[in-house]
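**Student:** Below are the chains, spelled out letter by letter.
There are 2 protein chains.
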Amino acid sequence: MDGDRPIGVFDSGVGGLTVVRALMERLPRESIVYFGDTARVPYGIKSVATIEHFAAQIADFLLGQSVKMLIVACNTMAAVATDVIRARAGAIPVIDVIEAGALATVAHPDRGGIGVIGTPTTINSNAYARRIHALDSSARVYSQACPLFVPLVEEGWLDHPVTRMTAQEYLRPVLAEDIGSLVLGCTHYPLLKPLLKDVVGPEVRLIDSAVTTAELAAESLNAMGLASRRAGLPAYRFVVTDIPLRFQTIGERFLGRSLGKVERVDW
Amino acid sequence: MDGDRPIGVFDSGVGGLTVVRALMERLPRESIVYFGDTARVPYGIKSVATIEHFAAQIADFLLGQSVKMLIVACNTMAAVATDVIRARAGAIPVIDVIEAGALATVAHPDRGGIGVIGTPTTINSNAYARRIHALDSSARVYSQACPLFVPLVEEGWLDHPVTRMTAQEYLRPVLAEDIGSLVLGCTHYPLLKPLLKDVVGPEVRLIDSAVTTAELAAESLNAMGLASRRAGLPAYRFVVTDIPLRFQTIGERFLGRSLGKVERVDW
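Protein chains in written order, with our numbering: chain A, 1224 to 1490; chain B, 1224 to 1490.
Calculated from the structure, these hints are not laboratory results.
Heads up, some of the hints might be wrong.
One side of the interface only, derived from the structure: several residues of chain A facing chain B at Cβ under 7 Å [as the list claims (entries may be wrong)]: (1) 1228; (2) 1276; (3) 1488.
One-sided and incomplete, this derived list gives chain A residues near chain B with beta-carbon spacing under 10 Å [what the hints assert, rightly or not]: (4) 1268; (5) 1334; (6) 1374; (7) 1380.
Treat the numbers as computed from the prediction; the structure is a model and nothing was measured.
C-beta atoms are modelled at their ideal positions from N, C-alpha and C, and glycine is treated no differently.
Excised from the complex, chain A in its bound form:
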């Protein structure tokens, strides 16, 4: 397979752009097609059947763009729809943020008890705990849904007293369990890292699933001989199902750079 084909990254909205940002930094030669389902975001409050249906549609779209790898950047889809996506992808490798986060967390020697935070659907799926326990059955995992973090990030209240008070309330039960690691199980949460670091204190290591996903993608591409060897600049495409008010502003906050032209597909 041609290593110069793009990587397909997908998410329910803009959050997955934190994964794209980490991929651009870790794999600067790779071309990327990003798909964000902004007309139907957020997935975290929808039923499993609906999320599976949407995930299959998006996977088919990206496979139609001749991608060499699929990255499920949406924790909610990774939690409940990876089987559906893998079945669509066939021989194309699929990696996801939950697998990447679980691997990175368990690999750390001083991980201690493991806290996991995410949307209600991600947490109720128990996907992080299951994947972590599949890697190490002795791991202690404490999970907490944080439904207000996504709207707080989208409001831009990244360092706001309301966000701090909300984080203190959500994290109180997890912090009572003497954890050593906290997995940020939602692509919006890396933007809250400085505030969360303050709230959890210096003893707790934050696991950023955007960074761990880029790392796992790099390892997988190398292992499969699929890394790009191109000398020129990579191509980036951003495809969404809706371009709502403030999309450009919010998207660029996640990506950490200009988005350029955004394409809209109509379903």
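Chain A is already provided as a structure; the job is to place chain B on it using the hints.
**Tutor:** Positioned in the frame of chain A, the structure of chain B alone reads:
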């Protein structure tokens, strides 16, 4: 037309159940078909073209249920898609939460300056200010988007310090304008009434668009000779596009009573 036909009420999700609740209290003989687009909620962050498309689909569905009146319970749809809905409805009367809120606000003799709060799409559409100015060009209107109120209500933090702090921050600029009325321009906001009353103080009258919509519906049905004369119990149907986690709990909080059986349609 048969007055025993149901009223069709629609919303992007569960919020419109506050309007249904007010209708049940004000018009206890009327049957109601409620449609909530829970698979695609929230609309408040989507583009106008997408909202118009969704609104037309829902209007067609309810017109297919032989409703005698359409009530647009979603402020976002009322703000940007009423023309599309009226064109679909033809001779069937259409009333909406913004029209009802604007009429009730302007009608009050001591209204003073008028504050309006809502989702970003509702506020940016300027629909409340336009409808209020059409009724009284001398009205002073001060608008403020409150994007975190919907997630805070859905989290159930109706009387929480985080919600209070958020309300104080959002309302500060509006309260600086010496207002006499505050229009709750989103169907989620009636659940925050006690907290908002505290934050705005006793001098400011809260206009609850669920209550004003039920009042306008009653007046319109009477004026058109369309009120139900049935002696038996009315029928209530609740149709949604997705039944997510916690739907029943959240829905019943809005409705103030049991939802009974909820039907799901697949699009």
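**Student:** Now look at each hint and say whether the structure bears it out.
**Tutor:** Results of checking the hints against the structure:
1. Interface restraint check: residue 1228 of chain A against chain B, minimum CB-CB distance 31 Å, threshold 7 Å, status violated.
2. Restraint check, residue 1276 of chain A versus chain B: the minimum CB separation of about 9 Å is more than 7 Å; hint violated.
3. At a threshold of 7 Å, the smallest CB-CB gap from residue 1488 of chain A to chain B is about 12 Å, leaving the interface hint violated.
4. Because the closest C-beta pair between residue 1268 of chain A and chain B is about 5 Å apart, less than 10 Å, the hint holds.
5. Look at residue 1334 of chain A: its Cβ only gets to about 29 Å from chain B, farther than 10 Å, so that hint breaks.
6. Hint on residue 1374 of chain A holds. Least Cβ distance to chain B is approximately 4 Å, under the 10 Å limit.
7. With a least beta-carbon distance of about 8 Å to chain B, the hint placing residue 1380 of chain A at the interface is held under the 10 Å criterion.
Consistency note: the structure conflicts with the earlier hints numbered 1, 2, 3 and 5.
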